[in-house]
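Number of protein chains: 4
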Amino acid sequence: MASDNQDDLVNSSDPLHPANLIPELCRSFYNLGWVTGTGGGICIRTGDKVFIAPSGVQKERILPSHIFVLPFPQPDLSPHTDRVFLRRPALNLKESACTPLFWNSFDLRDAGSCIHTHSQHAVMATLLWPGAVFTISHQQMIKGVRVSGTGRSLSYLDTLVLPIIENTPNEEDLKDSMAEAMINYPEAAGVLVRRHGVYVWGTDWEKAKTQTECLDYLFEIGVKMKLAGLPTVLNEPL
Amino acid sequence: MASDNQDDLVNSSDPLHPANLIPELCRSFYNLGWVTGTGGGICIRTGDKVFIAPSGVQKERILPSHIFVLPFPQPDLSPHTDRVFLRRPALNLKESACTPLFWNSFDLRDAGSCIHTHSQHAVMATLLWPGAVFTISHQQMIKGVRVSGTGRSLSYLDTLVLPIIENTPNEEDLKDSMAEAMINYPEAAGVLVRRHGVYVWGTDWEKAKTQTECLDYLFEIGVKMKLAGLPTVLNEPL
Amino acid sequence: MASDNQDDLVNSSDPLHPANLIPELCRSFYNLGWVTGTGGGICIRTGDKVFIAPSGVQKERILPSHIFVLPFPQPDLSPHTDRVFLRRPALNLKESACTPLFWNSFDLRDAGSCIHTHSQHAVMATLLWPGAVFTISHQQMIKGVRVSGTGRSLSYLDTLVLPIIENTPNEEDLKDSMAEAMINYPEAAGVLVRRHGVYVWGTDWEKAKTQTECLDYLFEIGVKMKLAGLPTVLNEPL
Amino acid sequence: MASDNQDDLVNSSDPLHPANLIPELCRSFYNLGWVTGTGGGICIRTGDKVFIAPSGVQKERILPSHIFVLPFPQPDLSPHTDRVFLRRPALNLKESACTPLFWNSFDLRDAGSCIHTHSQHAVMATLLWPGAVFTISHQQMIKGVRVSGTGRSLSYLDTLVLPIIENTPNEEDLKDSMAEAMINYPEAAGVLVRRHGVYVWGTDWEKAKTQTECLDYLFEIGVKMKLAGLPTVLNEPL
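Residue numbers (our numbering), protein chains in the order written: chain A, 358 to 595; chain B, 358 to 595; chain C, 358 to 595; chain D, 358 to 595.
Treat the hints loosely; a few may be bogus.
Because identical chains cannot be distinguished in the list, a pair is counted as satisfied if it fits within a single copy or across any two copies.
Said to hold, decoys possible - In the DSBU-like style, the derived pairs of lysine-lysine whose C-alpha atoms are separated by at most 35 Å in a straight line are: (1) Lys532 - Lys564; (2) Lys451 - Lys581; (3) Lys406 - Lys564; (4) Lys564 - Lys451; (5) Lys532 - Lys451; (6) Lys583 - Lys406; (7) Lys406 - Lys532; (8) Lys581 - Lys406; (9) Lys406 - Lys451; (10) Lys583 - Lys532; (11) Lys581 - Lys532.
It is worth saying that the hints were derived from the structure and are not from the lab.
Fair warning: this is a prediction, and the values are worked out from it, not measured in the lab.
Kindly produce the complete structure, drawing on both the sequences and the hints.
Here it is as structure tokens:
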């Protein structure tokens, strides 16, 4: 019966239920090249419940029955503590290694969803912007990017500034440097990870997804401009 | 009952009804990378009715019930005037910010449809052609481009000339410079907006769409040629 | 009744019937970027009947009822002669402007199908190979290319040589220079048209399609190699 | 009856049956550009049975009835020996020319599946890494690559090293040099073939597929980095 209750958490005929949305969105992200080779993913939080995909599986073939459900908040999410679950899949699966990183977006931004991609545009941006930030100005798409923690978006006259943190051998070890970047750049809509990818959040899955699309577009055009020898920032230096 | 009548405007089993076509075409444009991150869109005018998608939503997930219907002509479409509607969606949505720009195509070209994309090929073209026009010659695809306001298309021997206007912080403020470009280039099939995208129109949705495809193809090959050091115009200077 | 008979030529529940295959293949070619903006297409010949798509329509939205059927051979196919039809669509459509070019493949190669694309890889190849031929060697994909008029394919040690003809303002005017190239290069699997695209044929639609895929792959990799400064032919000069 | 028994080997309502998976996966690989023009493919081994696609057919249109089933092991698989079959398709088809190469993965790695692609990223990698190996370091995606013959994956601090063998006119003649490379690089997750593509295996089809995705991602980003003048290996020289 406890088991039945657990499965109720991921059984829904509503296509917008998180347990149905995560598989659908992951298929779409796979087709965009964001989550190939089992990397990347998306989590959705609805109030006190967090829905998370498993680790190390083909992201375009996830089923609702594969989804983990965790209570929010968690007693302790440091890497070496056992997490508390409302539901674990029957299969021998492990929750996404991104879990502590996703949690940063809940704790520090009150996010309702967080997306992690291995997009090649994001990775190339971290290689061609070797410093601590990715910056671009004078692109219409900048207007689509939210000023995190506010209800507004950037203006066309704003320069987009996104922090870049250095990658670590264990994904969980990114938790502290990602949190630090989020505190140092309180308005940033996401955090790039050098030679790895990007984390982007939003108040709900729609915003997380459209934010990821806007940023990925800006990484792509920024990389193209840099390779074409075009300046990517026209504003005064920051 | 008034409400029932309003919904009748977007309820149709005909897949070619504008309220069904707009969602379908936006999904297709999303897959082409033209309208990611909620940007871009399409409007369709059938005589005295204009069908327009909402602003700030995921363009690949629009439903017929999300569509706005406006009467054509409008008493006044200046940015600060309230528009007149035949139908507004029940949801808390706002009509596309492109509305005044789309209206340019109706007023100045008697268009039946207008498409706005954020295609990266269009944006790169505006960066690599820093002047007031994008030009390319000697491409078969030029033959697919209409001479606006006439029943004919360009010939293979014609040079395609498309005006480029400068972007503005508010999309609505593009209205006047776009209109000016359309008047100065009466035969142009569309207007590029620097660092932003392109507006393309046609006498109906098919023509607007195939015109957008032809122009996007020419932006893409033009950018490739420019980056490869190949001349993009072989004709005499204009 | 005559009309009924005509429609029988394009009404079939068999998905492999030419009137069903042409729409399906054109959708697939559209997604590959080969036939956007109404350009390009495919024809299929089954013995004494030729099935051809209309001109100037969206190639991903063709229906079986749009297909023209012509008898083969034709009394005279010179551009200014009226063609003979077994079936014309009820709509106000015109047969593809490629018809005389497709006919070259029937007359000179006894082809069962011919494909015309505006692939950007083909066009870039004609720009980066400014002479009369596209050549590439030492690519596994060369083994997929047929030696036209024989039952065999090229070997890995063969250099692929494909003639390039100059474009003309009217598509029909390519007929003679295409025929000349086919005669001068009797083993060529297709003919490139500078700044335009490529014509590729095969004994049936499968072979025409897989030949087009092989050649398009070779145009794409050849262009990438050329832009990267890599030699594209390792063999002795021809 | 023998014939009925043979067809039972490829008749299943289970979408995960090898005879259903191979057609589905080949369609997906076609859309990724890995198996166009009839090249490339996948085989699946379930214990003592090997399922293999036919040679020279459109890989996106394979049906379960086209699949060959061979017993494993085979008495002798040298190129000039007749192979033993549990099932041959009724059509006039030949088993994939990759068969002896696939067999290497069974014999030397106890693989459950092997994938062969003509991916342009793989081919470009073999051209831009002219030596005997492809190497890349400091990419998150490296963590997705298995250390062949072990239960573990590479770490972020490891340099990926993949052997490159020279192409031969006959695909079967790659068997010995591929086997030699597998012996010399016992931990390699695949073998690149210069100017041709890549072979990648796994303990089952999921692992073979995700390994191929990880490696293809690394070929793509490696090629981009090389063309952008970025170093692809930061570690000490091997």
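Query raised in the report: In ascending order, which of the hints set out earlier in this document are inconsistent with the structure?
Result: Those not satisfied are hints 6, 8.
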